[in-house]
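J.: Sequence:
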Amino acid sequence: MDDVKTCQGCGASIYQEHLDRGMAGFVAGKLLCNVCRNQTLGGPSAPSPGSSGSMPSAVDPSEETIRLVDDAEVSASVSPGGSMMGDTRVPIGRAASDLVLTRAMVKGANATRCRTFHAKLSEGALSYMDEQFNEWCDRNPEIEVKFATQTVGIFEGKHSAEQHLILTVFY
Numbered sequence: 001m002d003d004v005k006t007c008q009g010c011g012a013s014i015y016q017e018h019l020d021r022g023m024a025g026f027v028a029g030k031l032l033c034n035v036c037r038n039q040t041l042g043g044p045s046a047p048s049p050g051s052s053g054s055m056p057s058a059v060d061p062s063e064e065t066i067r068l069v070d071d072a073e074v075s076a077s078v079s080p081g082g083s084m085m086g087d088t089r090v091p092i093g094r095a096a097s098d099l100v101l102t103r104a105m106v107k108g109a110n111a112t113r114c115r116t117f118h119a120k121l122s123e124g125a126l127s128y129m130d131e132q133f134n135e136w137c138d139r140n141p142e143i144e145v146k147f148a149t150q151t152v153g154i155f156e157g158k159h160s161a162e163q164h165l166i167l168t169v170f171y
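Residues 1 to 171 (the working numbering) are what the sequence shown spells out, left to right.
It should be emphasised that the hints constitute simulated quantities derived from the structure, not laboratory data.
Only a predicted model underlies this, so the values are computations on that prediction, with no experimental measurement involved.
Fair warning: there could be bad hints in the mix.
[Said to hold, decoys possible] Distance condition first, Cα-Cα at most 16 Å in a straight line; then the derived EDC-like pairs of lysine to aspartate or glutamate:
1. K120 / D138
2. K120 / E156
3. K5 / E17
4. K5 / D20
Go ahead and model the full structure; you've got the sequences and the hints to work with.
T.: What follows is the structure in structure tokens.
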């Protein structure tokens, strides 16, 4: 097992690989991780004594970074009654036939889409949901079901709230 050392600035684990790659090192006699070295030196880390080349950055600048947004930006970017999905915003309740999806279906283990079916908790309604699901599968032979989950929950109708079986199929 590797000998794990600890950053004397923040307590982070430092492995021998970090020292070898220049991702950690000594500053003023203290063993520091890359983040603490940057803070101590006031900028990007210089190569530690005995290491060759430049210090690899903790974050590859060629990779896309995640930016945090505040609530005002989120509420401004969500369409009324809809969800925030970039240029493919679809208001809740929109007909599935109006939806245009551009991501290609993946054959294999990963799912790219989902479809939800629901029915009241009665024998006739569950039988009808089975028929709907089977007809949907027959109409879409390119679909390869990857995973399905089911739960019982309350659906609010026109006159009352009733328990339904909710089936979500990932394909």
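J.: Now look at each hint and say whether the structure bears it out.
T.: The hints, checked one at a time:
In summary, the hint linking K120 to D138 is not supported, as the alpha carbons are separated by about 23 Å, beyond the 16 Å threshold. Proposed proximity of K120 and E156 is supported: the alpha carbons are some 11 Å apart, at most 16 Å. About 11 Å separates the Cα atoms of K5 and E17, which keeps this hinted pair within 16 Å; it holds. Straight-line distance between C-alpha atoms of K5 and D20 comes to about 13 Å, which keeps the hinted pair within the 16 Å bound.
Hint compliance for this structure: hint 1 alone is broken.
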